[in-house]
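2 protein chains.
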Amino acid sequence: MNNKLNKTTSAIIIIGNEILSGRTQDVNLSHLSIWLNKLGVRVEEVRIIPDIENKIIDCVNEVRKKFNYVFTTGGIGPTHDDITAKSISKAFNLNYEMHKEAFNILEKYYKPGKFNEGRQRMAMMPSKANLIYNPTSGAPGFSVENVFCLPGVPSILQSMLSGINDKISGGKKLLTKTINLRTVESEIAKPLKEVQENNGEVEIGSYPFFRAGTVGVSIVLRSEEESKINICNKQILKFVNFKKIELITQD
Amino acid sequence: MNNKLNKTTSAIIIIGNEILSGRTQDVNLSHLSIWLNKLGVRVEEVRIIPDIENKIIDCVNEVRKKFNYVFTTGGIGPTHDDITAKSISKAFNLNYEMHKEAFNILEKYYKPGKFNEGRQRMAMMPSKANLIYNPTSGAPGFSVENVFCLPGVPSILQSMLSGINDKISGGKKLLTKTINLRTVESEIAKPLKEVQENNGEVEIGSYPFFRAGTVGVSIVLRSEEESKINICNKQILKFVNFKKIELITQD
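Chains A and B are the protein sequences, given in the same order. Numbering-wise, the first sequence is residues 5 to 255 according to the working numbering. Numbering-wise, the second sequence is residues 5 to 255 according to the working numbering.
Bound conformation, chain A alone (with noise of 0.2 Å):
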């Protein structure tokens, strides 16, 4: 199941020491991840790098050959340490250059007097990059190929998004099950991995759980066709039967 031909893939690119340190809790993986299973674009790597040219140049041109879609957050704002944009140009052996689009959109939203130089450095892309529009605090986000290079604001980023929905061409979305049981994973590891032996299209996870008192197992199914879930969960309801098992939930 894991080398389907016509899998449409991505990667991200976390880009921030805040990250690595344990300071910043990152949020945007699950978000970017979950819009674009919507797509049809299954993320299959993630790679949190600091904020060091080299480290985002080699990182990126390894990504980009890789997978079908590379998003990276972080290092587009107006200070020192965003340097993002520089890195990508590099990476694509691009000039680094006023964005004149980008330039327009920034003078229109800040008051007169206010467009200082930290400002107009963030109009600063790769040549012939593509923006990505912000409805939330003006400054764009750009695209060079298959690279698209979002902020690090949770908030910021997540408007974002639907603005790029449109050049993202995904192929099936990843259908998901969720069955909650309240069992420990090893009372169902033996007759599970019979069931994932029997649906080699379906990919099984199992995940344990711990929350209010109550110790459970998920058992996520994920796969583009529905029909093949379906049965999957029949197998696994027929163990969770027979071994008296609470089903919590499933969803």
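Don't read these hints as lab results, they were simulated from the structure. Where hints are given, some of them may not hold.
No copy labels: a pair is met if it fits in one copy or bridges any two.
Claimed, not checked - 20 Å max Cα-Cα, derived SDA-like pairs, lysine to any residue: (1) Lys194 <-> Glu101; (2) Lys59 <-> Phe96; (3) Lys181 <-> Pro212; (4) Lys59 <-> Lys70; (5) Lys70 <-> Asn58; (6) Lys118 <-> Pro212; (7) Lys118 <-> Thr187; (8) Lys59 <-> Ser141; (9) Lys242 <-> Phe107; (10) Lys11 <-> Pro54; (11) Lys181 <-> Asn203; (12) Lys59 <-> Lys69; (13) Lys197 <-> Ile56; (14) Lys90 <-> Glu198; (15) Lys232 <-> Leu165; (16) Lys118 <-> Phe243; (17) Lys118 <-> Pro195; (18) Lys118 <-> Arg186; (19) Lys132 <-> Ile172.
Only a predicted model underlies this, so the values are computations on that prediction, with no experimental measurement involved.
Given chain A's structure and the hints, the job is docking chain B onto it.
Then chain B, alone, in the frame of chain A:
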């Protein structure tokens, strides 16, 4: 500052489709990173990869040569999708076999008759693996050379770290100072850049925040030398005063 000699570095590999799909929010990275920094080890890269054997093998073999330490999270439970131990065995060309001490620990942990096949599978490890004891739920993690394999469940992972403190030999701790200002990044970008240029051995990060109706910027100073942070701090407070920017807090 980014190529300092004698720096002790690490990478974290988060193994799990549930993180990549956006279903589960990772929280282990920040916990591990803060713990490692206390031991004088920097997290310089994180990779999040799927539960696919050859991806785990390739990733581990790439990063274990680049960094002093590698930590993996996830995939060491009893179910079919827990393939970390087998993958690590293959990465190091070691046999994947029953670890006697782990088997004994698990046999004692479970009630008589309850040490079933799924549970016994958790004693399967690379030959000669060193155990990482688990005070929470019995099943140990393990290490091979510089690669430490931990579970994905945050509470269990956290309970296991104190047991390997003495196996991690770090360098100097990275010290941090944070200055929170009521301003926007573009107002301070220019003088902050000058401070960075004058203080090459201090890493200066600038992070906008929006909370409880306040728009602000956190400036984070990182260095091994407190005196260098203090010099930087003074230079920043000088321009903050000059520009009449409100200092919210510093710590």
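Hint by hint, here is what the structure shows:
1. Lys194 <-> Glu101: Cα proximity of Lys194 and Glu101: across copies only (19 Å, versus 59 Å in one copy).
2. Lys59 <-> Phe96: Answer is within: at 14 Å inside a copy they meet the 20 Å cutoff, but 26 Å across does not.
3. Lys181 <-> Pro212: within (16 Å within a copy, 38 Å between copies)
4. Lys59 <-> Lys70: both (17 Å within a copy, 13 Å between copies)
5. Lys70 <-> Asn58: Classified as both; 19 Å inside a copy, 15 Å across copies.
6. Lys118 <-> Pro212: Between copies only: 18 Å across chains, 53 Å inside a chain, cut-off 20 Å.
7. Lys118 <-> Thr187: Result: close only across copies, 14 Å inter versus 60 Å intra.
8. Lys59 <-> Ser141: Answer is neither: 28 Å inside a copy and 39 Å across each miss the 20 Å cutoff.
9. Lys242 <-> Phe107: Neither: 62 Å inside a copy, 31 Å across copies.
10. Lys11 <-> Pro54: Only across copies: Lys11 and Pro54 sit 15 Å apart there, 30 Å inside one copy, limit 20 Å.
11. Lys181 <-> Asn203: Cα proximity of Lys181 and Asn203: one copy only (15 Å, versus 53 Å across).
12. Lys59 <-> Lys69: both (16 Å within a copy, 16 Å between copies)
13. Lys197 <-> Ile56: Between copies, since 16 Å is at most 20 Å while 43 Å is not.
14. Lys90 <-> Glu198: between (51 Å within a copy, 19 Å between copies)
15. Lys232 <-> Leu165: neither (31 Å within a copy, 41 Å between copies)
16. Lys118 <-> Phe243: between (67 Å within a copy, 18 Å between copies)
17. Lys118 <-> Pro195: between (66 Å within a copy, 16 Å between copies)
18. Lys118 <-> Arg186: This pair counts as between: shortest inter-copy Cα distance 17 Å, intra-copy 59 Å.
19. Lys132 <-> Ile172: Answer is within; shortest intra-copy Cα gap is 19 Å, inter-copy 47 Å.
Hint compliance for this structure: hints 8, 9 and 15 are not met, and every other hint is.
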